[in-house]
Amino acid sequence: AQTVTQSQPEMSVQEAETVTLSCTYDTSESDYYLFWYKQPPSRQMILVIRQEAYKQQNATENRFSVNFQKAAKSFSLKISDSQLGDAAMYFCAYTGDKIIFGKGTRLHILP
Amino acid sequence: DTGVSQDPRHKITKRGQNVTFRCDPISEHNRLYWYRQTLGQGPEFLTYFQNEAQLEKSRLLSDRFSAERPKGSFSTLEIQRTEQGDSAMYLCASSLGGGQSHTQYFGPGTRLTVL
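Going line by line, the protein sequences match chains A and B.
Counting in our numbering, the final residue of the first sequence is number 111, and the numbers go up one at a time with none missing.
Counting in our numbering, the final residue of the second sequence is number 1115, and the numbers go up one at a time with none missing.
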């Protein structure tokens, strides 16, 4: 069965610094997609970034980038130049035969 | 673009009562998903629709739960004979396209409290 593990329940980073959130997953499928979603306090979940498993190139969206290591089944999210508005729960998600979300990492931004 | 909407936003009910939630997806989206999220956890997949067809149901979706999407537009999720363990946030999401590659757009959720 597929699983998604986010091993960091909470993290803190100083404003303007860089932080990396980790995500590992387990699957026997070869064709799947990985996502990072952001859920601000009391607000809707929104997409941060997505990665197709068949692509070797790591996805990038402005200050957000991923380090996708398919063989290691690792999909970490790097946030550069952290801003106060980045404070939120971040969920790693796997979609293939099943849709599975990790338990999330709460990110605090320190001013 | 009005986004995904859900109604009601909050529901308090007594154990044993039936409740129904509604989700209105983004208008051109043909896929609609339901999730349950408890405090401190990520969303747990419940079911999804491709247009009006319900294509998959999680084992989490007991026989007290039923979902419909008549005419492939809005969807309803009904919980019969609610239990305290049903207390959670129920999230709806929609996506465009027929594959799992497409980004899901989430609604604000319906928070259910069962007393």
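These are computed hints drawn from the structure, not numbers from a lab.
Note that beta-carbon positions come from the ideal geometry of N, C-alpha and C, so glycine has one too.
Careful, some of the hints might be misleading.
[To be verified] Quick look at which bits of chain B chain A covers, simulated, 3 or more residues with Cβ under 8 angstroms:
(1) 1012 to 1018
(2) 1038 to 1044
[Stated by the list, open to error] Heads up, incomplete: computed chain A residues facing chain B, CB under 7 angstroms, no partners named:
(3) P41
(4) Y54
(5) N58
(6) K103
| Hints the structure fails to honour | 1, 3, 4 and 5
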